[in-house]
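Visitor: Protein chains in written order, with my numbering: chain A, 1 to 532; chain B, 1 to 500.
Incorrect hints may have been included.
Some chain B residues judged to face chain A by a derived CB distance under 10 Å, without partners named [as the list claims (entries may be wrong)]:
id	residue
1	Q346
2	L370
3	R380
Note that these hints are calculated values from the structure, not bench results. We put the CB at the ideal spot given by N, CA and C, even for glycine.
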Amino acid sequence: MRRREFLAATSAAAALAACGSKAAPPLPPGIMSGASDALGHRLRKPDFPAPTETRRVAVAIVGGGIGGLSAAWKLVRSGCDDFLLLEMETEAGGNSRAGQNEVSAHPLGAHYLPLPPREARATRQLLTELGVLQGDPDAVHPVYDEKYLCHAPQERLYTGGYWQDGLWPTLGVPKTERAQYTRFQDHVAGLRRQRDPAGRRAFALPLALSGRDAELLALDRMTLRDWLLREGYTAPGLFWLADYACRDDYGTSAAQTSAWAGLHYFACRDGEGQVLTAPEGNAWLARGLARAAAGRVQQNALAFRVEQGKRESVCDVYLAAEKRSVRVVARELIWAAPLFLIPHVFVTPRPEWLAAIRGAEYAPWIVANLTLAAAPQTRAGHPLAWDNVLYDSPALGYVVATHQQLRYAPGPTVLTWYRALHEESASRQRRLLQGHAAWAEEVLADLSVPHPEIRELTTRIDIHRHAHAMIRPLPGRLWGGARQAFELDRPGIRFAHADASGLSLFEEANYRGVLAAERTLARLGVSFASSL
Amino acid sequence: MQRPLLVSVFIVASCGLAYELIAGALASYLLGDSVMQFSTVIGVYLFAMGIGSWLSKHVVGNLLVRFIQIELLVGLLGGLSAGLLFLLFTLHAGPFRFTLYGLVLLIGILVGLEIPLIMRILKREVAFKDLVAQVLTFDYIGALAVSVLFPLLLAPHLGLVRSALLFGLLNALVAAWALWLFRAQIGTLAALRAQCIAVIGLLAIGFGFAGTFVSLAEANLYNEDIVHAESSPYQRIVVTRWRDETRLYLNHNLQFSSRDEYRYHEALVHPGLAALPGARRVLVLGGGDGMAVREILKYPQVESITLVDLDPRMTELFSQSPMLTELNGGALASRKLAIINADALQWLEQSQEMFDFVVVDFPDPSNHSLGKLYSTAFYRLLKQHVAATGRIVVQATSPLYARESFWTVVATLEAAGWQAAPYHALVPSFGEWGYILAGQLEYRPPTTIPVATRFITPDALPALFHFPADMARVAAEPNRLDNQNLVRVFEREWGRVQAH
Chain A
1 MRRREFLAAT SAAAALAACG SKAAPPLPPG IMSGASDALG HRLRKPDFPA PTETRRVAVA
61 IVGGGIGGLS AAWKLVRSGC DDFLLLEMET EAGGNSRAGQ NEVSAHPLGA HYLPLPPREA
121 RATRQLLTEL GVLQGDPDAV HPVYDEKYLC HAPQERLYTG GYWQDGLWPT LGVPKTERAQ
181 YTRFQDHVAG LRRQRDPAGR RAFALPLALS GRDAELLALD RMTLRDWLLR EGYTAPGLFW
241 LADYACRDDY GTSAAQTSAW AGLHYFACRD GEGQVLTAPE GNAWLARGLA RAAAGRVQQN
301 ALAFRVEQGK RESVCDVYLA AEKRSVRVVA RELIWAAPLF LIPHVFVTPR PEWLAAIRGA
361 EYAPWIVANL TLAAAPQTRA GHPLAWDNVL YDSPALGYVV ATHQQLRYAP GPTVLTWYRA
421 LHEESASRQR RLLQGHAAWA EEVLADLSVP HPEIRELTTR IDIHRHAHAM IRPLPGRLWG
481 GARQAFELDR PGIRFAHADA SGLSLFEEAN YRGVLAAERT LARLGVSFAS SL
Chain B
1 MQRPLLVSVF IVASCGLAYE LIAGALASYL LGDSVMQFST VIGVYLFAMG IGSWLSKHVV
61 GNLLVRFIQI ELLVGLLGGL SAGLLFLLFT LHAGPFRFTL YGLVLLIGIL VGLEIPLIMR
121 ILKREVAFKD LVAQVLTFDY IGALAVSVLF PLLLAPHLGL VRSALLFGLL NALVAAWALW
181 LFRAQIGTLA ALRAQCIAVI GLLAIGFGFA GTFVSLAEAN LYNEDIVHAE SSPYQRIVVT
241 RWRDETRLYL NHNLQFSSRD EYRYHEALVH PGLAALPGAR RVLVLGGGDG MAVREILKYP
301 QVESITLVDL DPRMTELFSQ SPMLTELNGG ALASRKLAII NADALQWLEQ SQEMFDFVVV
361 DFPDPSNHSL GKLYSTAFYR LLKQHVAATG RIVVQATSPL YARESFWTVV ATLEAAGWQA
421 APYHALVPSF GEWGYILAGQ LEYRPPTTIP VATRFITPDA LPALFHFPAD MARVAAEPNR
481 LDNQNLVRVF EREWGRVQAH
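Given only the sequences and the hints, what does the whole structure look like? Please build it.
Guide: Printed below as a string of structure tokens:
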């Protein structure tokens with residue numbers, strides 16, 4: 001009864017507020033966090049102390065996101081322990097880190113991994129090692145641990161005042177438009193099956209294994225929106241879903257995204273939309289990888305100067321916690337930090353690298369974690385799902401951190417709200433500098449549409465800002481030729497960041513990391529069994 | 001004379017629209033399908049107003065007297081309409097839809113008479129073009145006022161029954177006011193005055209007692225005397241009594257009837273426990289009513305029983321209320337028993353305890369939260385708490401009414417690595433009911449039941465494990481957390497049963 005009285009009281013409060021006679025309750029407390037921008041931005045005007053110590057290793061890995069951690073994981077698995085991983089933050093994991101409070105662990109960034117296709121062998125191997133993929137890792141549809149498979153109901157969409165099942169907008173959508181959905185799904189299913197004469201999938205994940213048909217690669221030169229129009233699609237719901245998918249995976253709108261990248265999203269996987277997730281988002285994957293590198297990770301370490309010699313590379317590193325610098329001399333270097341840092345750090349960057357970086361854009365992300373006294377109510381439609389998306393919102397909706405917990409009773413929970421700043425750069429910059437209060441108000445306003453009681457339910461709201469979260473697959477960025485400079489196996493240095501793929505996906509970062517490690521192992525003369 | 005009549009046009013129009021909205025909302029609330037209910041109610045109502053307007057030409061005599069009488073009649077009928085309909089629905093006393101549309105038709109006709117009458121009264125003083133303009137203006141403003149007030153203030157705060165009474169009172173007060181204003185032009189004052197007082201009094205009393213009335217009507221939903229009703233943070237608990245029969249409802253779903261609960265609980269406990277002479281530690285999940293514990297306590301070799309029920313109000317109620325402890329034989333006060341009020345899933349994840357026999361007695365899988373308690377993940381988790389020679393028993397809905405649901409639970413247990421032995425028993429209050437025994441070893445029905453029973457006997461046991469053709473096994477997918485197909489199947493099957 002108490003709950004019902006509470007709701008009656010809040011709806012009355014909402015009615016009063018509408019009459020202008022009652023102020024909104026105060027903003028719940030919380031913090032603003034994010035990448036160490038003050039430290040990172042010192043690279044623009046380097047004034048770091050001179051190194052006081054020299055450390056020698058076989059391999060130096062710069063960057064402890066999924067790419068760097070995957071490289072370390074592969075090195076350790078192959079018996080190579082002589083490496084040092086340099087991570088700027090206090091914890092490795094990059095976009096896959098998590099927070100924890102008294103209610104639940106919750107993601108600070110990436111929060112799910114779609115069931116990886118067979119081509120993503122390294123990712124499947126990792127999942128096997130973590131005990132989540134059970135049985136044959138090469139099966140088309142392997143068995144996964146139920147604990148990590150997203151529990152039902154997986155997703156719902158709020159549209160027209162009603163929560164509908166699934167993300168394809170169907171409520172009030174005429175038959176002719178729903179027929180377009182089917183045509184598009186058949187279209188995509190065809191692309192999923194399509195292979196080139198060499199037997200490569202048209203859209204493979206990792207994308208490096210994709211077919212190279214000129215006709216398909218030409219799709220990289222147009223936007224997804226233009227492609228949809230060219231193919232005669234007009235249904236607004238389809239355009240909405242395409243746009244949502246691009247904003248969700250790439251931080252770009254469908255009108256900004258390369259059609260190749262947009263179709264890759266729909267055609268590269270065959271897991272029927274199933275995903276692996278956990279209360280802490282993808283942090284369990286990052287931590288699984290990091291266990292292998294334990295003891296060889298230097299935290300709060302910013303590489304500010306890299307000089308490549310003939311036989312070895314010299315990497316000067318600022319240790320922020322100790323306020324001093326060290327020199328790391330390595331026979332092989334694995335660069336697993338975002339590629340836009342190269343001009344700031346390398347003494348003699350190769351011209352083709354600089355050319356490839358020119359014009360690269362990064363999508364910033366805002367991730368809000370709302371701690372709630374109780375789960376939000378569903379006024380009409382399908383019950384609370386893991387992923388809850390709002391049709392009329394520039395944000396991406398929210399996931400429920402406690403969804404994967406084995407609990408029967410409803411209780412306090414944490415909602416993780418996502419917003420990619422896909423807008424054009426001027427407003428993006430301004431919005432990025434917005435403070436905690438402004439973001440908290442924006443998050444609450446967005447969520448109050450389906451949940452008018454959200455402000456009263458929220459006990460705290462923490463905002464995490466990713467200023468350079470993901471590289472944006474704008475037209476021409478994937479197959480225009482420039483990116484390929486980072487795919488070459490050059491002596492002394494390899495690139496292990498998802499930026500080298502042009503798509504900020506776990507599987508890509510994992511592939512790049514393992515590939516860089518294997519090339520490095522080959523160079524060092526260490527024998528290994530390939531994971532690719 | 002002109003201004004008061006225009007004010008009454010405003011009130012009368014408000015009331016007219018209010019009855020229409022209340023009837024529509026009540027029909028939607030009780031029958032569902034709000035688009036259908038609202039459009040048929042509004043259609044009938046507008047048509048009835050047309051009839052009223054047409055009939056108004058036959059109204060002759062003192063128009064003021066007729067107007068007052070019509071107001072009183074509208075107030076009485078409209079004011080009592082919601083209460084009457086609600087009572088009728090809960091008592092199943094008559095054809096609900098027929099009465100609904102009948103009432104809407106009657107009120108509509110009376111409301112349809114009002115405006116033409118007022119126009120005829122005012123015609124004597126006002127020019128026709130001004131008359132039409134003024135009367136219709138106030139008519140529409142009144143309609144707007146109510147259409148805004150009704151959803152925002154009246155329906156949520158007063159409720160439908162009281163809102164209707166409030167508007168009835170307004171109609172009757174307009175009548176009384178008109179009577180007082182025009183007393184000079186009216187001959188039969190005394191009779192009209194008495195009618196006014198009677199109607200206003202009746203409606204006012206109704207308004208005062210509406211709360212009691214609604215709960216009385218709700219009590220009739222159960223057809224029995226409610227002896228205990230409360231809402232815990234988890235559910236609505238209602239205990240009813242009719243003659244010598246006690247019933248427990250959780251969220252309006254029958255949990256047991258004292259007449260035949262012995263059948264349900266004997267069938268739940270004895271086929272499993274009688275076959276485990278070495279069972280010392282028993283776990284009961286759900287079952288806060290203590291009936292299963294009562295059956296388990298009959299076995300002297302059982303040393304400890306752990307009862308895990310989410311809702312402390314359930315276990316308190318069934319340990320304290322004399323009427324209920326009489327039913328469970330005071331089982332919840334047993335020294336062998338430890339009561340834990342916790343989420344079964346959470347408790348199993350954290351506990352290290354092992355058991356020889358586990359009774360899994362959860363509500364049916366009617367939503368995704370409950371569906372988790374019937375998943376492969378749950379049965380795997382449970383396996384870590386059951387001794388190698390031990391066994392669990394699961395209540396698994398009706399294999400007759402929800403045949404695929406029942407066999408889905410069997411398939412789920414098997415997928416989680418258990419050997420399942422499904423059986424069924426007839427519990428008249430529920431119908432044919434299903435249970436599943438599961439263990440690592442094959443189950444053999446015991447040859448003796450070493451304790452006193454009224455229903456389960458050794459010779460009748462083998463027949464319970466035989467499923468006649470209409471309940472025989474059907475192919476079913478295991479219920480996994482990531483698909484929760486049991487919830488969908490269960491909804492479909494019980495939805496079909498309830499539709500009949």
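Visitor: Identify whether the interface hint at B:R380 stands, where standing means a beta carbon of chain A within less than 10 Å of its own.
Guide: holds (8 Å)
Visitor: Measuring from the C-beta of B:L370 to each C-beta in chain A, is the shortest one below 10 Å?
Guide: Since the shortest Cβ distance to chain A is 7 Å, the answer is holds.
Visitor: Against chain A, is B:Q346 within 10 Å by beta-carbon distance?
Guide: holds (6 Å)
In this structure, none of the earlier numbered hints is contradicted; all agree with it.
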